[in-house]
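> Sequence:
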Amino acid sequence: MIGLQFHADKVIQALVKELPDPKWSKEFDMVYIKNIKGHLDLIFDKFRGVAWVNCNFFFKDRVINPSNESVNTSWFLNRKTVKNYRVCPENYLQKLELKRYANNTIRNYVSAFEAFINYYDGIELIAIGEQEIRFYLQELIQQNRSNSYINLAINSIKFYYEIVLGMPNRFYAIERPRKQKQLPQVLSKEEVL
2 MIGLQFHADK VIQALVKELP DPKWSKEFDM VYIKNIKGHL DLIFDKFRGV
52 AWVNCNFFFK DRVINPSNES VNTSWFLNRK TVKNYRVCPE NYLQKLELKR
102 YANNTIRNYV SAFEAFINYY DGIELIAIGE QEIRFYLQEL IQQNRSNSYI
152 NLAINSIKFY YEIVLGMPNR FYAIERPRKQ KQLPQVLSKE EVL
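The number in the numbering used here is simply the position in the sequence shown, starting from 1, with 1 added.
Mixed in with the good hints there might be a few duds.
25 Å max Cα-Cα, derived DSS-like pairs, lysine-lysine [said to hold, decoys possible]:
# : residue 1 : residue 2
1 : 27        : 11
2 : 100       : 84
3 : 190       : 159
4 : 47        : 35
5 : 81        : 96
6 : 96        : 47
The following label-pair restraints were derived from C-beta to C-beta distances [claimed, not checked]:
#  : residue 1 : residue 2 : range
7  : 78        : 132       : 30 to 36 Å
8  : 76        : 135       : 29 to 35 Å
9  : 51        : 186       : 53 to 59 Å
10 : 142       : 184       : 43 to 49 Å
11 : 54        : 139       : 43 to 49 Å
12 : 99        : 35        : 28 to 34 Å
13 : 76        : 132       : 29 to 35 Å
Simulated from the structure, these hints should not be mistaken for laboratory data.
Here a beta-carbon is modelled for each residue, glycine too, at the ideal position from N, C-alpha and C.
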């Protein structure tokens, strides 16, 4: 079965009713439909532009890019850190390796996640909630960090809680910065000629 969890919303409820034979599960407290070929695509099509569909449960062990070069984490193991510096948990790095993320992506995720956990060095990772994450992101905005860095920070945090710890939808409501749309450079008449 494919379970659908969502906050009460009339638009989403109306769209769910349009799915093939939706049923309510008292045990799991959610709507569900049969998990047959095409139903997952149907869900994506139905909610496109209306809601964000988190399907990490279906793809949590999927290799991101099987053609990536072999992962080299010696930089992580051999680096020197200052006293009381919280390093990235080993299972975080291991999951990045297993999913075959590119070396640069691993470095960026680890760096961004360590910046986050060292910001909250007095709090256990499991105890950090959505409010603390929002406060951290506001701090990054006040530091004038780029939108791409803020998105990287969000991705690295979500990766830990949703992929490493398997807590899907824990921070689903965290807003992302809008993508910056840059105007194209316009050529003058003389340049065109």
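> Hint by hint, which ones does the structure fall short of?
2, 3, 6, 9, 10 and 11
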